[in-house]
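The opening position of the sequence shown corresponds to residue 1 in this note's numbering, with each subsequent residue numbered one higher.
These aren't lab readings, by the way, just hints derived from the structure by calculation.
C-beta: ideal position from N, C-alpha, C; glycine also.
Be aware that one or more of the hints could be misleading.
Simulated restraints, written as ranges between beta carbons of each label pair [unchecked claim]: (1) S261 to R200: 36 to 44 angstroms; (2) E317 to A192: 20 to 28 angstroms; (3) L182 to S261: 32 to 40 angstroms; (4) D259 to M313: 37 to 45 angstroms; (5) G68 to V212: 35 to 43 angstroms; (6) V285 to R200: 17 to 25 angstroms; (7) H319 to G243: 34 to 42 angstroms; (8) K326 to A57: 44 to 52 angstroms; (9) K46 to T311: 33 to 41 angstroms; (10) L186 to N300: 31 to 39 angstroms; (11) G276 to V212: 26 to 34 angstroms; (12) K46 to V194: 36 to 44 angstroms; (13) H85 to P323: 37 to 45 angstroms.
For lysine-lysine, the following PhoX-like pairs were computed, each having C-alpha atoms within a straight-line distance of at most 25 angstroms [claimed, not checked]: (14) K316 to K240; (15) K326 to K146; (16) K316 to K326; (17) K32 to K46.
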Amino acid sequence: MLELFSVPVFVVVFRETLETAIIVSVLLAFLKQTLDGSHRDANLYKTLRTQVWAGTATGFAVCAIASGIIIGTFYILGSDTWADHEYYYEGVFSLISAIIITIMGGALLRVGKMEDKWRAKLSKAIEEPVVAGHGKRAWLINLFEKYAMFVLPCITVLREGIEGIVFVAGVSFSAPASAVPLPVILGLTLGALVGYALYRGGSSAKLQYFLVASTCLLYLVAAGLFSRAIWLFEQQQWNKVVGGDAAELGDGPGSYDIDRSIWHVNCCNPQLNGGGGWAILNAVVGWNNSATYGSVLAYNLYWVFVIAQFTAMTYKEDHGHWPLVKAKEVHARTD
């Protein structure tokens, strides 16, 4: 059985596919809810749906090429250049994804109240050309708004895909090649089925219920990503201290930096041998068996920021201006 099916490979592939499927399915269901159907903008729906799939396909193609280069370098030079800085790469991708999800989350939740206005805004952003505006910052904001549905799935697939492919390649170096294809196919299929189920459920649910549920799910993922990014940066520094991948030491002493540790349990490691169910929790909510000051503070500060963000948005809806900004100043700026 072990010669035909590698459990760690299945768990890792399923975990990476699941996280990608969650984000892609939420985006597709959101587009179908707000833009598809009678008396809606069919052209805009097709354009944004194409962006989502194009971003997913582009991310997959880029990570396949990058992974091929990494694996080829390993065979040629006898060293895994990805592994030397693996956690830095994963941390940067996780941080970018968390920021994008956070920006989009608030906008998604407001669609229920401002559906027509939001749809018109999307249509305008897609149809207008990207211009330089009043500087590079304005140009970048304009570019992001125009291709937001492309960027998020692309970054997600890049982050999850490269990690998954490199792990599978690492297993294939020490395990029979026959043990890899079946768990990869099964993991991809099962993850895609879960994503499809989320899409079908989301696209048929009442719009406001779907928006609240999907936004909560996305923020849970983003909080985990933000915390995991900080943990990955700290773990990469610890790897330099121990002179290798600390995850290879198992769960015990030496696998974590005691000076930065808040708690540690000698089990439930999402990084060891595929991680099992703990790897799935790590992908969805950011679980880790070794908590550091940085990762715990990051998780809590993220939720403080989200609470403050929605408090400010609610205040603006009720009073017509942001907190700490006088109404007269707002009117003066609009005149």
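A quick look at each hint next to the structure:
The hinted window of 36 to 44 angstroms between S261 and R200 holds, with their beta carbons roughly 43 angstroms apart. Between E317 and A192 the beta carbon distance is about 38 angstroms. The supplied range of 20 to 28 angstroms is therefore violated. Roughly 38 angstroms separates the CB atoms of L182 and S261, a value that falls within the hinted 32 to 40 angstroms. Between D259 and M313 the Cβ separation comes to about 39 angstroms, which falls inside the hinted range of 37 to 45 angstroms.
Against the hinted window of 35 to 43 angstroms, the Cβ-Cβ separation of G68 and V212 comes to about 42 angstroms, which satisfies the hint. Evaluation of the 17 to 25 angstroms hint for V285 and R200 yields a pass: the beta carbon distance comes to about 23 angstroms. A hinted range of 34 to 42 angstroms is violated for the C-beta pair H319 and G243, which are about 57 angstroms apart. With their beta carbons about 49 angstroms apart, K326 and A57 fall inside the hinted range of 44 to 52 angstroms.
The hinted range of 33 to 41 angstroms is satisfied by K46 and T311, whose Cβ atoms lie roughly 37 angstroms apart. Taking the beta carbon of each, L186 and N300 are about 37 angstroms apart, inside 31 to 39 angstroms as hinted. Evaluation of the 26 to 34 angstroms hint for G276 and V212 yields a pass: the beta carbon distance comes to about 31 angstroms. The given range of 36 to 44 angstroms is broken by K46 and V194, whose C-beta atoms sit roughly 25 angstroms from each other.
For H85 and P323, the Cβ-Cβ distance of about 41 angstroms falls inside the hinted range of 37 to 45 angstroms, so the restraint holds. Of the supplied pair hints, the one linking K316 and K240 is violated, its CA atoms being roughly 47 angstroms apart against a limit of 25 angstroms. Taken as a hint, the K326 and K146 pair is broken in the structure, with Cα atoms around 32 angstroms apart against an allowance of 25 angstroms. Annotation: proposed proximity of K316 to K326 holds, straight-line Cα distance about 11 angstroms (limit 25 angstroms).
Among the hinted pairs, K32 with K46 is consistent with the structure: their alpha-carbon atoms are about 10 angstroms apart, no more than 25 angstroms.
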